[in-house]
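Protein chains in written order, with my numbering: chain S, 120 to 277; chain H, 120 to 277; chain F, 120 to 277; chain Y, 120 to 277; chain P, 120 to 277; chain R, 120 to 277; chain X, 120 to 277; chain E, 120 to 277.
Treat the hints as calculated values from the structure; they're not laboratory data. Be a bit skeptical, because a hint or two may be false.
With a Cα cut of at most 27 Å, we get these calculated DSSO-like pairs of lysine-lysine [what the hints assert, rightly or not]: (1) Lys-276(X) x Lys-155(P); (2) Lys-143(P) x Lys-164(X); (3) Lys-273(R) x Lys-273(E); (4) Lys-273(Y) x Lys-164(F); (5) Lys-155(E) x Lys-164(X); (6) Lys-262(F) x Lys-164(H); (7) Lys-276(Y) x Lys-273(H); (8) Lys-132(H) x Lys-262(H); (9) Lys-151(F) x Lys-122(S); (10) Lys-155(P) x Lys-276(Y); (11) Lys-132(H) x Lys-122(H); (12) Lys-132(H) x Lys-273(E); (13) Lys-273(Y) x Lys-143(R); (14) Lys-132(S) x Lys-132(F); (15) Lys-132(S) x Lys-164(F); (16) Lys-273(H) x Lys-164(F); (17) Lys-143(P) x Lys-132(F); (18) Lys-143(H) x Lys-155(E); (19) Lys-122(E) x Lys-276(R).
Heads up, incomplete: computed chain S residues facing chain F, CB under 8 Å, no partners named [unchecked claim]: (20) Lys-132; (21) Met-135; (22) Asn-152; (23) Glu-153; (24) Leu-157; (25) Ser-158; (26) Thr-162; (27) Gly-212; (28) Phe-266.
Virtual Cβ for every residue (Gly too), placed ideally from N, Cα, C.
There are 8 protein chains.
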Amino acid sequence: MEKIQVAIMMGSKNDMPIVEESVKMLESFGIKNEVKVLSAHRTPKETAAYAEALIGRGVKVVICAAGGSAALSGVVAAHTNLPVIGIPLDSMGFNGLDALLSTIQMPPGVPVAGVGIGKPGAKNAALVAVRILALSDPSLTKKLEDFSREQAEKILKG
Amino acid sequence: MEKIQVAIMMGSKNDMPIVEESVKMLESFGIKNEVKVLSAHRTPKETAAYAEALIGRGVKVVICAAGGSAALSGVVAAHTNLPVIGIPLDSMGFNGLDALLSTIQMPPGVPVAGVGIGKPGAKNAALVAVRILALSDPSLTKKLEDFSREQAEKILKG
Amino acid sequence: MEKIQVAIMMGSKNDMPIVEESVKMLESFGIKNEVKVLSAHRTPKETAAYAEALIGRGVKVVICAAGGSAALSGVVAAHTNLPVIGIPLDSMGFNGLDALLSTIQMPPGVPVAGVGIGKPGAKNAALVAVRILALSDPSLTKKLEDFSREQAEKILKG
Amino acid sequence: MEKIQVAIMMGSKNDMPIVEESVKMLESFGIKNEVKVLSAHRTPKETAAYAEALIGRGVKVVICAAGGSAALSGVVAAHTNLPVIGIPLDSMGFNGLDALLSTIQMPPGVPVAGVGIGKPGAKNAALVAVRILALSDPSLTKKLEDFSREQAEKILKG
Amino acid sequence: MEKIQVAIMMGSKNDMPIVEESVKMLESFGIKNEVKVLSAHRTPKETAAYAEALIGRGVKVVICAAGGSAALSGVVAAHTNLPVIGIPLDSMGFNGLDALLSTIQMPPGVPVAGVGIGKPGAKNAALVAVRILALSDPSLTKKLEDFSREQAEKILKG
Amino acid sequence: MEKIQVAIMMGSKNDMPIVEESVKMLESFGIKNEVKVLSAHRTPKETAAYAEALIGRGVKVVICAAGGSAALSGVVAAHTNLPVIGIPLDSMGFNGLDALLSTIQMPPGVPVAGVGIGKPGAKNAALVAVRILALSDPSLTKKLEDFSREQAEKILKG
Amino acid sequence: MEKIQVAIMMGSKNDMPIVEESVKMLESFGIKNEVKVLSAHRTPKETAAYAEALIGRGVKVVICAAGGSAALSGVVAAHTNLPVIGIPLDSMGFNGLDALLSTIQMPPGVPVAGVGIGKPGAKNAALVAVRILALSDPSLTKKLEDFSREQAEKILKG
Amino acid sequence: MEKIQVAIMMGSKNDMPIVEESVKMLESFGIKNEVKVLSAHRTPKETAAYAEALIGRGVKVVICAAGGSAALSGVVAAHTNLPVIGIPLDSMGFNGLDALLSTIQMPPGVPVAGVGIGKPGAKNAALVAVRILALSDPSLTKKLEDFSREQAEKILKG
């Protein structure tokens, strides 16, 4: 049985329509992933425990989606040394500026790699993960090249 | 020996010049307090443990000062049921808007009570704590009345 | 007859759908409260008189909801020494940034404890009040623990 | 003895360097004015009383300068029916955006006329007052014409 | 025949639903007014000519509503010495922040008195005008007192 | 005698250190230019007259620098059909966001071409002018190619 | 056969409803144009090649519309010495502030001339192009005068 | 000879004081890196060529630092399938908000992983790279654990 390579966490199950974009993108690259609803604020212990177990389970990359005071990605980055990708969500007002700044303005020493707001960000979070995984999986590099070429062709066809 | 009534946490010892304003204000009301440097991101376990122990130690109110992706107050509020007051700091850019939004835009269920940015906020964080403590300590109510009157007189004298 | 413990003020009756979230949360904890429509700008005398009478009536915490140039919480904090919690509302434009900054950027000496914008803020304002009241009411501490556990369980069940 | 025509209020005596610009401009037009330090938050009763007495004293226009959660102009407008001009000050962070929004986003029914931030705003607040007073004093209209012409000439001379 | 006391200018006839609020408010005080569509950018000569003629026609106050790069109020203030009140409109994006800053950040020497964004601002622009006109018309002062009292009563009745 | 090809206008002579960057850039391309201090708000008639005369004088491009409620470029665009390039200046607060939005958010029908804030913007305003002039002057195209190549070489040399 | 004078590029075919405003405006002036979907990020080579070929094809002005991290106009300006006009689009959140700042805050040396957000910007981008083309085509100057006069008449008719 | 594992690109050599933080962090982990000054706008061809050659040279991660309209990270991500980490710089105004939004708001399909503004961001960019490299280098995982522990100890020692 193939191992989970990417864990996707979100602060609320209401965030699924956004996170779904990450899942679909990962699956289009054949990358096994799991989605977990856990909140930095409402389930802090389970969030910490889940993050701490990731390396042991063989997971390679974590994607965290959260809105408002989006502490999830930072808290996860504090509990694992895996690369953590944060998707800021526009769910609490201010067009998501609260989530963007909460996600990205991390103190030096605890890194979070942020992507854009909402669905485009969710797609790109998955692609960052694919690029990372491709470093040790040449078949993914090939698929990324195909993806880029197909994407370009779609635009060029108008 | 009198118990600590207010715990003041800050994410970095560099924040002390701001936090000092809370300490001085609390001391002017004769309220015993302690200052602790703990980071939601860099010392997550110790932060959680410290927050969880507060009620047992008889502490009544927690004040948390943090800048940037200011997760400290939210994480503390997730680990204790004490009233948590957050002071956003302007230490990572954007005039502290990052810290303000991170502090105040908490998800429903995990409350943080935020005050203004920097030193005025630090003074007011202490005063919120005094007002809370005064609910069960009439001598503090008297002192708050004196404080307000003296403050007004200072302005009226020009 | 049980006394009112939390007074909730709002600048306009149009704010009721938001404030209702505070009421429901307080009632779920069995906390007696009253809602009062009073405006810092349109009924300044009545607002001042109402705020000044609160301590005498045995009220413990005031919650103020206002939008735009949200002076209500600050004005109430100027007329009482009770803890004042401000809920900024998005009712006059700029996604409520006007209300957020008006509520939270208080001058040193007159403290307001702000929560997030709109409904999540209204729920959390009530929870800040509950945490304050729990300091002298152990049954509320127990209920807060239940609340946090149930909230976590709901998330963990997905 | 000539009556005070313009009352200038400010929330803190630290605001005097800005407010001085209003005073100098008014005096260049020969308009008798007084400066008063009063805070909407720290001296609420005196602020209300001062505002309520203005019409009886023959004052025609009120200028209010305040920073942060700049409630002064709004509170004064709630206690007098004179024209109230608000100068937002950059004294509490966010480049004065807090004061600008607090000053200008008044609820319908209680009008404040805002000017720009800081010293340019303070000069213009005085000029708004002069334009208002000129409606019933033709000598001021003549002086305003001179002012505009001299101002233009200064620019044209390079 | 009674003279026009307040001229209301707007940059586009699409702004009428907002400006209508000023008209209704002025009419409720029995103040004769006229509405004129003129653009600082698209009809610059007519705008200048209209503004320059206002004093000669006996007009006392000008209200200007404009969105985006809201130059109308500033340009009018450059062509008349009457008090000019600017209503920023949210018609070109950024929630009207463009219009707010364009209206209010005038250079020293050419004053514009700004009010809040949109309909509340339009109502208040009219009330600023009424307060100015009341300085030389005691019947308006009486009506303003009635207005404030009725407004307060409406809130107090809930 | 060679004609002026680019007119540079600024709202205040204090803006010269920024505008100097445009002048130096134009001169490095051998383009004859003139700098004129004129204010949309303080010298409206002279500004209009100057703008209206530009085409007749053979000027090809106008560059306007202004801060705050930066009406200059828009007003000039209303009085000439030449291409108008606006440089927003950070001179009145808000980091120049006021000038940026005032410059760029023009109503449809009166176009202003905006560049970035301050000195980089001033350099680029000149380069936009050079690119426009190069359309009918092949020697300028050659110089632009040299400029780009030298600029690249400077970076490549490190 | 007449040559293309204005090339319009957009990052995604979804941007066509905005770009259509540029096309219609150009056509109302009888200016031959072409619309091309090319992305700075997804088709970088084709974008560079297209931009580099423009001068050789006799194109005079390029208009680029893009949202989010709107790199298109800057990248095109890096590959041609034609005047490049950037239209920021509100397509990725933050009301288009991301696109506005990405479009306009170019480094010195690579100029982009930006217009306002969305449809008004698209119309004005075309008008900037017409003003540039009119420098060497007197019939366009005549049409611009007609356009301005008709536009003014439409406003004056109310 | 050991291969370069991380390439660090910056738009201008003035950015070196920030980028130096990335270099020092990488070196503290013993990771071989190179710093290259290349601009998306001023050296577009060399930037593309450099990015395209990275995979062939065995580089694993690219870090790009840029201010203003920060196109560098996006353009590099368009020319390589390596993970690209963007550091937004505060070098062109608006406190770096321009660079933050330009860096992070990428269209779906071309991913950039952004970190916070300035020096803290530069440190974290290096740490994101280390975490990525650690996926295939257990010695780095060990060093990351040491780094986190030492960082925590430093805080705990106060």
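Handout entry: Broken hints, by number
Key = The structure conflicts with hints 2, 3, 4, 7, 8, 9, 10, 14, 15, 18, 21, 22, 23, 28, although it agrees with all the remaining ones.
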